[in-house]
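Visitor: Chains as they are written, first to last, in the numbering used here: chain A, 102 to 257; chain B, 3 to 109.
So, partial list: chain B residues that the calculated Cβ filter (under 7 Å) puts toward chain A: (1) Q11; (2) D15; (3) F95; (4) L98; (5) E99; (6) V101; (7) M102.
Cross-link-like lysine-lysine pairs, in silico, DSS-like; alpha carbons within 25 Å at most: (8) A:K152 / A:K172; (9) B:K89 / A:K134; (10) B:K103 / A:K149; (11) A:K149 / B:K104; (12) B:K89 / A:K172; (13) A:K107 / B:K103; (14) A:K149 / A:K187; (15) B:K89 / B:K76; (16) A:K107 / A:K134.
So the derived list for chain B, only partly shown, Cβ under 8 Å to chain A, looks like this: (17) F87; (18) R88; (19) T97; (20) K103.
Hints were generated in silico from the structure; no laboratory data involved. From the three backbone atoms N, C-alpha and C, an ideal C-beta is built for every residue, glycine too.
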Amino acid sequence: MGMEQKTQINAEEGRQDLVITREFDLPLELLFKAFVEAEFVEQWMGTKVVKLDSKKHGSYQFETINHRGNKHGFSGVFHEVSPNRKITRTFEMDNTPYGVQLEFYSFEELTSDTSRLNMHVIYESVGQRDQVLLLPFKQGLNMAHNRIQDILGKLK
Amino acid sequence: MNLRRDVFQALADPTRRAILLLVASQSMTAGAIASNFDTARPTVSKHLQILTECELLKQEQTGREVYYQINAKKMKEVADFIEPFRKMWDERFNTLETVMKKYKSNK
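With the rest of the complex left out, here is chain B:
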């Protein structure tokens, strides 16, 4: 439960979400990732560390470079994790829509 919670919090940060979107298309080095942000390099490094610790990112050593790539399995898990709250509201609002449409057509 705690691990899931950490993952959820990691994903709630806009910069970290942007990093995940960035590496979703191709694996990248820390330097290449940082060059996409105005944020200071150590800040980006900190974000990468958090994302790696909660397994949203995987590191891969190629020669002297470390490449970051997305951990698709974990991403799926997290998407499922916040989804029940969204779904609960979505279902409620779908019912609201149906109830009010019925009332409108009976008027």
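Chain A on its own, in the form it takes in the complex:
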């Protein structure tokens, strides 16, 4: 249905996993670098990298501060870091009910200037996957709600 989109999500009913696929206008080496080096992660994720030890048994810790000044922590552990090929890691949003997710990143060269990322994410349950999938939708609703509140507040 519709146009071919650059980033695609495949999330089937009743499953506790989802797949995110994206083709990049970047050589494979640069795509991979973006996931393992702190200076790049900080830039594209818009997060502070507290720790990033991109190797087997290594761990990472990110921190973001949202527009309301609330701090959010993200962390996990690496199980495999094979340069330009694969990353296996866990991911957790601290202090949330979404649990720990297992992530498999596969990197693939398409041409000397293009590459593809396949992200397979597995959740603890179907319910947790659905909650994470719905999160941006709910945030969108909240943001719309907050905007209305702000406007109403100014009118008082």
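Based on the hints, put chain B in the right spot on chain A.
Guide: Just chain B now, with coordinates in the frame of chain A:
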């Protein structure tokens, strides 16, 4: 919220998505829809029931036949519903692309 969730789950099934694509071009009877699938007729009926209950399909009585047609309004709503998650990742990856291209040209 619950209703939206049901719609989302209804749409996540490949057979049900195929049914929606099929009736998107023209309204069809249950029999005509079923003839397009290898699946048993009662299974297709069950899918049609789920799609109708969550309002992705509309039923229309013409003489003795019941025709199924797509509910475009609902479809639009659902497309918008999963879109924020896709968009979030799409925007992140667009930024990644920009950041790495800049790094490449500065090297």
